[in-house]
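S.K.: One-letter residues, chain by chain:
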Amino acid sequence: MEAYTPYLWDLGRIAFMFAICLGLAGPLTWAERRQSAMIQDRIGPNRAALTLFGREIRAFGLFHPIADVIKLITKEDTINIHADRFLYNVAPFIALFPALMTFAVVPFGPDITVGGEVHRLQVARMDAGILVVFAISSIAVFGVTLAGYASASKFALLGGLRASAQMISYEVTMGLSVLGLVLIFGTLEPSAMVVAQGELIGGWLPRWGVFVQPLSFIIFFTAAIAENKRIPFDMAEGESEIVGYFVEYSGMKFGMFFMAEYIEITVVAGLLTTLFFGGWQVPYLMDGVEFVNAAGTTIVGTGFHFPWGGQLYTGEWVGAGLRVGAFLFKLIFLCWLQLMLRWTLPRFRYDQVMTLGWRRLLPLSLANLVLTAAVVLLI
Amino acid sequence: MHSYGTLLILLIIALGIAGLLHTLGTVLGPKARNPLKDQPFECGQIAKRPLRQRISVKFYVVALLFILFDMEVVFLYPWAVVFKDLGWLGFWSMITFTSVLVLGLVYVWKKGALDWE
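Top line first, the protein sequences correspond to chains Y and F. Under my numbering, the first residue of the first sequence is numbered 129, with each subsequent residue one higher. Under my numbering, the first residue of the second sequence is numbered 3, with each subsequent residue one higher.
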């Protein structure tokens, strides 16, 4: 049994990660539909019902994601006669599995000590963390391109081409925008970055990425949405015009592209949280600081040290719980922000997207990099 | 600490989930083919022109530019990690390297490779 314990911890972490990214994907589709209905003064999905003991439970349409999956799986899987069968079948597969893997480097809590052993609350910890994210997520471009090419449909080809050109354009900008943070924190490892973000600037402002690199945050967020092909960058789909690279897909194979998109929303939110919003850090909650208790003795541990002088001892476990909670709160808030963006912004034209990517954001992120480097050396 | 082993376990699980959904989607569901359903989507008409059309050369140019600039980013990453140890020497070396690529960007910009209008 002893020998298997590390693997059990690994499986536990992976299970927790899937609980976050798959568990959020369903409610996100519900939230998106429900919220858009509210914005457009409609009722939205409310028909899926569960009958229990003769009573019909609708729960504001919360069963819709489950009903959707069952429906998608049991639909006919069509394939047109001109399509390349092998590539057509492999494309949704290539689109989905990288999305399931990218969340691995995001730490969802601090290291905890159980039975004298230190365990990380992060699926995979590697020195090259951020690079691994970019390496895995760029595989998804192949899924989209192949789907467009193999479908043998004009609309799918057009959508696939637009999607691939847009994704690779913004990948450059995305990579450059993170570099400013790497310069400041001196590491590529997400959990080390989160630990570094626990410090305070001037004794009161958390050293979060968004405060030390605000421009980089805006560029990264824009590029990440473009990478995920969501409104205002949804030329690849443009639901009212060309439908996109998955126009020929039906049933669960379409569902896999759809799922990948919603998992990527969670992944983008996770990366933003980790890089720019202090990951699991709660402001002023610190480790290894001194507390004076009621009896007048000093103890060292985890707790709040407020800049205005107050202090509150929480202990390691409550502290860890608060931090995981803070991570989930930031994650869900950033997911919601992406849904809000989708329903408040109009779509760009394709030339505007390419101009924004190559002529605005790329020079801007290069300038940001050089400026950050100079400032880091001068301080 | 490197957890590439965990990443491998995760890869197998992710492939398993994607494979399971793919297989379920293929196996379940009716199989009612007919000649019209087998046609590619064309707004309700039978396709007349060839389905695999020529692709605008601009997409190839973007792909070439992507390789160039992504290479640059990859070179910048290790530099950024050890940046504080390198000091001003590292700063000026990378300025030289980056300005060559900025010149390249200015060149393709002026040549109109980034024009999509």
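Hints were generated in silico from the structure; no laboratory data involved. Just so you know, not all the hints are guaranteed correct.
Unchecked claim - Pair by pair, the computed Cβ-Cβ distance ranges are:
| id | chain 1 | residue 1 | chain 2 | residue 2 | range |
| --- | --- | --- | --- | --- | --- |
| 1 | Y | I171 | F | K39 | 43 to 49 Å |
| 2 | Y | I167 | F | E44 | 29 to 35 Å |
| 3 | Y | A263 | F | K50 | 38 to 44 Å |
| 4 | Y | G331 | F | W94 | 51 to 57 Å |
| 5 | F | K86 | Y | L440 | 49 to 55 Å |
| 6 | F | V29 | Y | G243 | 25 to 31 Å |
| 7 | Y | R213 | F | W94 | 53 to 59 Å |
| 8 | F | V110 | Y | P134 | 47 to 53 Å |
| 9 | F | G114 | Y | A159 | 41 to 47 Å |
| 10 | Y | G330 | F | V110 | 54 to 60 Å |
| 11 | Y | R183 | F | S58 | 56 to 62 Å |
| 12 | Y | D479 | F | L105 | 40 to 46 Å |
| 13 | F | K39 | Y | L150 | 29 to 35 Å |
The beta carbon of each residue, even a glycine, is placed where N, CA and C say it ideally should be.
S.K.: Okay, which hints does this one fail, numbers in order?
M.R.: Violated hints (numbers, rising): 1, 4, 5, 6, 10 and 12; every other hint is consistent with the structure.
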